[in-house]
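K.L.:
Model the full structure from these sequences, guided by the hints.
Protein chains: 2
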Amino acid sequence: MADYRELERGALEEEYSSVLSDYNRHKAANLSLDMSRGKPDRCQLDLSQAMLGVIDSPADCLSETGLDCRNYGLLDGIPEAKRLFADLLDLQPEELIVCGNSSLNIMYDTVVRCMLYGSDRETGPWGMGEKIRFLCPAPGYDRHFAICESLGIEMIPVAMTPTGPDMDEVERLTASDPAIKGIWCVPKYSNPEGVTYSDETVRRFAALKPAASDFRIFWDNAYIVHDLYDEGDRLLNLPALVRGTPNEDMVYEFASTSKITFPGSGVSVIASSRKNIEYIKSIMTVQTIGCDKLNMLRHVKFFGGVEGIYRHMKRHAAIIRPKFEAVLSAFDRELAPLGVASWTKPRGGYFISLNTLPGCARRVYDLMKEAGVTMTAVGAAFPYGRDPLDSNLRIAPTYPSLEEVKAATEVLVTAVKLASLEQYLGRPARA
Amino acid sequence: MADYRELERGALEEEYSSVLSDYNRHKAANLSLDMSRGKPDRCQLDLSQAMLGVIDSPADCLSETGLDCRNYGLLDGIPEAKRLFADLLDLQPEELIVCGNSSLNIMYDTVVRCMLYGSDRETGPWGMGEKIRFLCPAPGYDRHFAICESLGIEMIPVAMTPTGPDMDEVERLTASDPAIKGIWCVPKYSNPEGVTYSDETVRRFAALKPAASDFRIFWDNAYIVHDLYDEGDRLLNLPALVRGTPNEDMVYEFASTSKITFPGSGVSVIASSRKNIEYIKSIMTVQTIGCDKLNMLRHVKFFGGVEGIYRHMKRHAAIIRPKFEAVLSAFDRELAPLGVASWTKPRGGYFISLNTLPGCARRVYDLMKEAGVTMTAVGAAFPYGRDPLDSNLRIAPTYPSLEEVKAATEVLVTAVKLASLEQYLGRPARA
Chain A
18 MADYRELERG
28 ALEEEYSSVL
38 SDYNRHKAAN
48 LSLDMSRGKP
58 DRCQLDLSQA
68 MLGVIDSPAD
78 CLSETGLDCR
88 NYGLLDGIPE
98 AKRLFADLLD
108 LQPEELIVCG
118 NSSLNIMYDT
128 VVRCMLYGSD
138 RETGPWGMGE
148 KIRFLCPAPG
158 YDRHFAICES
168 LGIEMIPVAM
178 TPTGPDMDEV
188 ERLTASDPAI
198 KGIWCVPKYS
208 NPEGVTYSDE
218 TVRRFAALKP
228 AASDFRIFWD
238 NAYIVHDLYD
248 EGDRLLNLPA
258 LVRGTPNEDM
268 VYEFASTSKI
278 TFPGSGVSVI
288 ASSRKNIEYI
298 KSIMTVQTIG
308 CDKLNMLRHV
318 KFFGGVEGIY
328 RHMKRHAAII
338 RPKFEAVLSA
348 FDRELAPLGV
358 ASWTKPRGGY
368 FISLNTLPGC
378 ARRVYDLMKE
388 AGVTMTAVGA
398 AFPYGRDPLD
408 SNLRIAPTYP
418 SLEEVKAATE
428 VLVTAVKLAS
438 LEQYLGRPAR
448 A
Chain B
18 MADYRELERG
28 ALEEEYSSVL
38 SDYNRHKAAN
48 LSLDMSRGKP
58 DRCQLDLSQA
68 MLGVIDSPAD
78 CLSETGLDCR
88 NYGLLDGIPE
98 AKRLFADLLD
108 LQPEELIVCG
118 NSSLNIMYDT
128 VVRCMLYGSD
138 RETGPWGMGE
148 KIRFLCPAPG
158 YDRHFAICES
168 LGIEMIPVAM
178 TPTGPDMDEV
188 ERLTASDPAI
198 KGIWCVPKYS
208 NPEGVTYSDE
218 TVRRFAALKP
228 AASDFRIFWD
238 NAYIVHDLYD
248 EGDRLLNLPA
258 LVRGTPNEDM
268 VYEFASTSKI
278 TFPGSGVSVI
288 ASSRKNIEYI
298 KSIMTVQTIG
308 CDKLNMLRHV
318 KFFGGVEGIY
328 RHMKRHAAII
338 RPKFEAVLSA
348 FDRELAPLGV
358 ASWTKPRGGY
368 FISLNTLPGC
378 ARRVYDLMKE
388 AGVTMTAVGA
398 AFPYGRDPLD
408 SNLRIAPTYP
418 SLEEVKAATE
428 VLVTAVKLAS
438 LEQYLGRPAR
448 A
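Keeping their order, the protein sequence lines are chains A and B. Per the numbering used here, the very first residue in the first sequence carries number 18; after that it's consecutive. Per the numbering used here, the very first residue in the second sequence carries number 18; after that it's consecutive.
Please keep in mind that the hints were generated in silico from the structure rather than gathered at the bench. Hints are not guaranteed to be accurate.
Identical copies go unnamed one by one, so any copy, or any two together, can satisfy a pair.
Calculated cross-link-like contacts (lysine to aspartate or glutamate; reagent style EDC-like; alpha-carbon spacing at most 20 Å) [said to hold, decoys possible]:
hint, residue 1, residue 2
1, K298, E166
2, K423, D58
3, K298, D349
4, K44, E421
5, K362, E31
6, K148, D266
7, K148, D231
8, K292, E265
9, K362, E351
10, K298, D159
11, K331, D77
12, K362, D63
13, K362, E97
14, K386, D20
15, K318, D73
16, K292, D137
17, K44, D349
18, K386, D73
19, K318, E351
Fair warning: this is a prediction, and the values are worked out from it, not measured in the lab.
P.N.:
Structure below.
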């Protein structure tokens with residue numbers, strides 16, 4: 018195989034008809050695969066099956082304080098769950114609230130709370146007349162962007178780099194525009210690129226001087242322990258960095274066990290300064306009497322402590338890692354020589370980000386769909402669903418089996434080749 | 018014992034010193050009891066203990082459709098849970114969404130959704146500049162009122178009668194004021210009086226002609242199957258009554274298993290017109306990927322069907338009923354002859370409402386506190402915590418044991434006598 022950019026038209030034509038016949042062969046196989054969402058595979062879920070049995074008798078349902086977790090009470094979570102998450106996040110139990118099964122829901126609630134009540138007692142609600150803006154490092158997590166779009170918050174894209182968001186832009190924009198109230202970050206193994214923010218990036222976040230005194234960093238640490246290799250990426254602890262500084266109240270950190278135990282039945286957490294946590298609790302107490310404490314207890318008893326989580330995540334990695342490697346080795350083998358695509362090589366998280374030639378991503382998506390493989394919607398990783406280059410594809414290799422990932426990746430490299438050749442040859446995309 | 022109203026001053030003085038010595042005796046007993054909240058007793062929770070064991074193997078975690086309930090997905094709940102709640106509410110599965118552990122949280126979210134997005138796609142958000150008002154039948158549920166107060170919604174009290182809210186007032190106010198966007202109702206075994214709305218009341222709700230086209234009835238059916246006796250009160254089905262009428266979209270019904278299985282780990286539901294449910298889902302999908310499906314499955318497997326819930330509630334009643342009866346028989350015996358108080362005699366729910374002489378409720382609360390019994394805060398059952406007559410006390414007899422309920426009620430009748438005598442004698446309340 019040769020670099021497409023160096024091929025003459027005749028050779029391109031020849032390659033095209035060969036790739037087209039490959040593609041038609043794949044299509045004839047009638048695949049039905051889903052690589053669209055970051056869902057764990059069934060055998061990852063089996064790893065946590067024993068968690069469902071750790072609470073049985075009424076005595077099992079007591080918290081270490083003697084509180085009956087079956088009954089009402091305890092807005093911020095049981096103490097042992099707070100301690101487990103404090104260990105996981107390397108923070109103090111007073112700096113967090115343990116919540117229900119969805120960290121997305123806490124993020125949504127946090128934005129809504131700022132809009133209706135304000136981010137603290139002193140400044141007013143965000144939504145008082147003026148336009149609100151959020152910085153959105155892109156590509157990023159589509160569900161973050163959906164929250165902004167749904168609530169009418171204007172999104173300003175900021176480019177992602179291999180060390181995190183373009184911090185020059187982040188500093189410049191936050192310093193100059195008081196309507197910018199927040200920024201979405203997935204700082205470790207970012208969705209979809211798998212980038213971990215560098216120490217310098219995190220330190221610059223800690224030292225931001227935003228024009229809005231009620232500016233907040235939404236630090237979605239969704240992949241905090243989701244390493245694929247024994248030596249994981251290392252992320253600086255932003256909430257700890259700002260503790261005791263004038264920016265102490267600027268950070269909301271989120272995490273969950275959705276991709277540690279069960280996506281539908283995990284436990285989530287919000288962490289922030291003590292002042293913010295007290296303020297959040299003062300509003301949350303109107304909203305609910307408390308979250309599911311029995312499920313918190315299940316998690317605590319199942320893991321024993323944070324070391325139990327670390328051990329558990331190695332078992333996840335053993336299942337996921339071969340899938341990532343299958344995708345990456347196919348890309349290296351099939352695409353690298355051609356000069357028609359680039360991709361990230363994450364050492365954790367749930368996604369690989371593939372960049373095609375500009376203007377080819379939608380075509381690849383359609384070709385995949387036609388061949389029975391569902392990919393994440395093109396543009397999903399960008400604010401308003403608009404990828405300005407039509408180049409980015411998010412690959413979620415965890416849900417299908419290893420064999421299915423291999424099969425889907427074979428189709429994918431063929432589709433990337435075909436779309437690239439169509440572009441080079443100026444061929445109109447077929448219907 | 019004689020009617021205090023007929024006693025001469027000398028006899029009142031004599032009674033006073035006798036009651037005071039009773040009270041001091043109670044105080045010396047150093048009780049520590051809590052009758053403040055509608056919490057189930059521990060042995061009620063034990064009734065549902067087996068529910069925690071019904072899901073064990075991975076195969077147990079599959080919904081009837083084959084969907085793995087451990088994983089992401091299914092925003093509106095698993096089909097078998099929707100069917101169970103549809104049977105419970107006597108509605109269609111398409112008319113409801115099964116949610117997480119807190120119906121209070123759904124109510125809060127529902128008000129917030131109306132404020133930020135509007136109650137439908139056509140009318141605007143409730144919060145656009147103009148003042149919003151809610152009708153609040155009083156006495157009522159303090160947490161409903163806390164939602165309004167927290168969100169800056171003005172509360173207009175409407176008197177409760179033995180057949181429900183004063184419907185003349187409800188009709189008059191909703192018809193004349195377009196700023197009135199909602200009303201809070203606990204239509205069966207109301208909190209705190211235990212009143213079940215009469216058929217006429219429910220029919221008048223169904224036929225309301227509110228000035229605000231986006232007016233909504235918040236029908237919190239918290240005690241839908243919480244009968245104390247085999248023959249429970251019968252409530253007309255408001256969502257079914259409005260179905261197919263111009264008021265079809267006017268009702269949100271809420272329910273939960275908080276007081277059926279576990280208060281901390283139950284399942285909740287919102288029901289409304291199909292149009293409203295579709296609209297709610299279109300916004301909820303931004304908020305979360307879905308609620309805890311494993312817990313829904315636990316409930317379905319534990320109960321088998323709605324008949325299982327009915328059987329289960331009889332076991333609850335067997336525990337609770339003697340506590341209600343202990344309170345009521347003490348009132349009948351000790352207070353009825355004196356003419357200083359009136360109370361409700363609920364046939365279900367979690368509360369008894371006691372009305373003292375005007376101006377005595379706070380004094381009774383303080384006397385109880387001094388004697389080691391925590392009652393619900395005085396005024397809690399009224400908007401802004403203000404009982405205009407200082408007369409109402411909410412009694413929650415479920416949480417303490419039967420012996421404790423008897424002991425606390427003895428103190429309570431003594432405190433009511435003492436406060437009444439202080440008032441008749443013009444004695445200043447002691448420090």
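K.L.:
Which hints, by number, does the structure contradict?
P.N.:
Hints 3, 5, 6, 11, 12, 13, 14, 17, 18, 19 are the ones this structure does not satisfy, whereas the remaining hints hold.
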